[in-house]
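Just so you know, the protein sequences line up as chains A and B, in that order.
Quick note: to get the working numbering, add 5 to the position in the first sequence (first position is 1).
Quick note: to get the working numbering, add 5 to the position in the second sequence (first position is 1).
I should point out that these hints are in silico values taken from the structure, not numbers from a laboratory.
Cβ atoms here follow ideal geometry from the backbone N, Cα and C, with glycine treated the same way.
Fair warning: there could be bad hints in the mix.
[As the list claims (entries may be wrong)] Here are some chain A residues pointing at chain B (derived, C-beta under 8 angstroms):
#1 Thr15
#2 Ile19
#3 Ile23
#4 Glu51
#5 Pro55
#6 Ala64
#7 Val65
#8 Asp124
#9 Pro125
#10 Met256
#11 Trp259
#12 Arg260
#13 Thr282
#14 Pro286
#15 Val330
2 protein chains.
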Amino acid sequence: MDGRKPPSGTFASIRPEIAGLPESGILTVANYGREREGLLPLWFGEGDLPTPDFISEAAVRALRDGHTFYTYQRGIPPLREALSDYLHRLYGTEVAVDRITVTSSGMQAIMLTMQALIDPGDELVVVTPVWPNVYSAARIMGGVVRAVPMEAADGRWRLDPDRLFAACGPRTRAVFINSPSNPTGWIMPREDMVRVVEFARARGLWIIADEVYGRFVYDRGPGAVAPSFLEIIGPDDRLIVVNTFSKNWSMTGWRIGWMVAPAELGAAIENLVQFNTSGLPAFLQYGAVTALTEGEAAVAALVERCRGGRDIVCDRLAGIDGLSVAKPEGAFYLFFGVEGEADSIALAKRLIDEAGVGLAPGSAFGAGGEGYLRLCFAGSHAHLTKAMDRLVPILERIAR
Amino acid sequence: MDGRKPPSGTFASIRPEIAGLPESGILTVANYGREREGLLPLWFGEGDLPTPDFISEAAVRALRDGHTFYTYQRGIPPLREALSDYLHRLYGTEVAVDRITVTSSGMQAIMLTMQALIDPGDELVVVTPVWPNVYSAARIMGGVVRAVPMEAADGRWRLDPDRLFAACGPRTRAVFINSPSNPTGWIMPREDMVRVVEFARARGLWIIADEVYGRFVYDRGPGAVAPSFLEIIGPDDRLIVVNTFSKNWSMTGWRIGWMVAPAELGAAIENLVQFNTSGLPAFLQYGAVTALTEGEAAVAALVERCRGGRDIVCDRLAGIDGLSVAKPEGAFYLFFGVEGEADSIALAKRLIDEAGVGLAPGSAFGAGGEGYLRLCFAGSHAHLTKAMDRLVPILERIAR
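If we strip away everything but chain A, and leave its shape as in the complex, we get:
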């Protein structure tokens, strides 16, 4: 042995699926612009409010009480019970505790689902544009993603369910539906959900429902929630619903999510948690319990704030010729098209340079996203107004 370095670099010796994972287009743009002085960043999916104190202080109490040991892999019992109660309150349907697992983020709920379902070469059919991490989680497991783009017409986003069904082939294991949608704000109508359930049952497919933005619903009256697959499907159907504490309670930085799955999978999911991260901090979970039991006013206020933010950005952008602005029904993003624009990353960089505003490029969200930009309106109204003051004149110039 002569101690020389190996003949090829280390990067060449990892799995091609991993070496080939694309950098998020959102990060490409954010890395381009994040150090600019005075930049108004609207590219990420979070608002500008820290977690409410009453939630944080519940975690502080639990930490000081010494809840710093290994804990239940599927979440502390009070949190799983509080989630069961919460879902019952929202949807009027029983979701038994043994169907619920607390996870280290909604992202982890998706990754554990991919680990459970996707063998190399298996296909995942995904409604797009979509949060790009879904693609990558499937690819890590050797999966193949088939995209079914929704379409914007007459100021609304729509999906023809028959196109979703037509994309499912013999290697399809699951369909992935994010409603309300990040980035488009589209909400799948309940009658379409019923059709998807019937199709999935007939074909033995899994439905993976990302319902993270289910509370962020506009124009349907106060306290409205988006339709949920939990309302439609039985406890033993092949449904996995993923969700998170991040958005409803301004807890993006806590990394706590949950998943609902058939009870029969409980032991398998417990194993997956064990072998991925071995649970999440018990003391943080006490904060999450408080979010569920005492956080409804905070959710209502945040949704109301986002509704106002939506109106600010839609009102200012809707009148610009050459922009395609479908007012979002839900979530907290405006996904707007710029006519004739074929390179949304270049456009996002130009808006950083010329307007000092950071938006996410539509191409990052997969099929149907190129030519669009995503703007998060979860921040303060003053901040959004200032961003519009900068953006509007430049977009008026660009979108001609």
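Fit chain B to the given chain A structure using the hints.
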């Protein structure tokens, strides 16, 4: 469509690798005994001290300061810098910040490593007995584990490196070495590490080094640390070192670990973090910074306490005929054999019933573990003494 349930149950429709993941034998026994009144549990790998206040209060301050947003995927810069300094202090070798990634537990560092390296059918060669989660993480990625058992002779655990090399074949991607070892306390000698590095270089293999117990070293003088692959290998070699805050600073419940890998893999690892959990709470990471910068006295006190615990259990068990007691050089477990015992799960259950003491069955730790029991001596001396008072008379009866 008639709305009937799918023809087979949901459990039958997940990946066979996932449906077939074994329940941890440790949990089998813990579930059998955990509700027993007065039971003394020594089965898990943690002590009985909550996290020191000075660490918890640093996290509380960061939480109250509003560090509740999305953060750096590879860890906040002050934590990565503090880890680089810490490793330099311990080993006298430069470990550049761009080689370091903070993870949501040492377990996650292992899982991310498997995702990066293991294609279906790839082999991982593992020195056993070993913490069983390593097997399962490889299996989730479709990997195959080849076990190379160490042997106990003359009161010491040993591994013949040539047996490790002989187990490596054309499909082998990596060797996994946990030193100091959970469960045996074995420490790989530095000269053997050098041989492993030479072999791995020649064959293009990765070394995955689990150095979680590197601070828990006995009989080598105060402040001694176990040899580390970081001292031997260059920054571009195919080495991944996994570690955790759990043991050194009594932070099992915090779920914070780290990994050191070639800098060239930084972007790929960042992607893996993004698509698994998207980082971990920034406010907790400030607690981890404080553990590194102000926690040396706490580590020293904990190691000293474990040394005393080791002496209590070894002194009491060494004299029993029919027990094989190799005094551990490191980590905080005694892994002792019971002559003629072919079912360590049954034996562990019997000790719950007859002694009211909870031990982990050796069979849970893979090849070479059957017939052994693992006892964690990280708890209080009073607790350990009481456990010995109960165990000794019964083991004297059994081990004849």
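Interface restraint verdict for Glu51 of chain A against chain B (beta-carbon cut-off 8 angstroms): With a closest approach of 6 angstroms, the Glu51 of chain A hint holds.
Closest C-beta approach of Ile19 of chain A to chain B relative to 8 angstroms, hint status: At 5 angstroms from the nearest chain B Cβ, Ile19 of chain A passes the 8 angstroms test, so the hint holds.
Interface hint for Thr15 of chain A, Cβ within 8 angstroms of any Cβ on chain B: Hint holds; Thr15 of chain A Cβ to chain B Cβ min 4 angstroms, cut 8 angstroms.
Interface hint compliance - Ala64 of chain A to chain B, C-beta minimum distance less than 8 angstroms: Because about 7 angstroms separates Ala64 of chain A from the closest Cβ in chain B, which is inside the 8 angstroms limit, the hint holds.
Hint check, Pro55 of chain A versus chain B [nearest Cβ-Cβ separation less than 8 angstroms]: holds, 4 angstroms
Interface hint for Asp124 of chain A, Cβ within 8 angstroms of any Cβ on chain B: holds, 6 angstroms
Ile23 of chain A as an interface hint toward chain B, with CB separation required under 8 angstroms: Holds, because the Cβ-Cβ distance from Ile23 of chain A to chain B comes to roughly 5 angstroms (cut-off 8 angstroms).
Agreement of hint Trp259 of chain A with chain B interface, Cβ distance less than 8 angstroms: holds, 6 angstroms
Hint check: 8 angstroms Cβ-Cβ cutoff, Met256 of chain A to chain B: Given a least distance of 7 angstroms, the restraint on Met256 of chain A holds.
Residue hint Pro286 of chain A, partner chain B, criterion CB-CB below 8 angstroms: Holds, about 5 angstroms.
Given hint Val330 of chain A near chain B, where the shortest CB pair must fall under 8 angstroms: Violated. Min distance 27 angstroms.
Cut-off 8 angstroms, beta-carbon criterion: hint that Arg260 of chain A touches chain B: holds, 6 angstroms
This entry does not satisfy hint 15, going by the numbered hints stated previously; all others are met.
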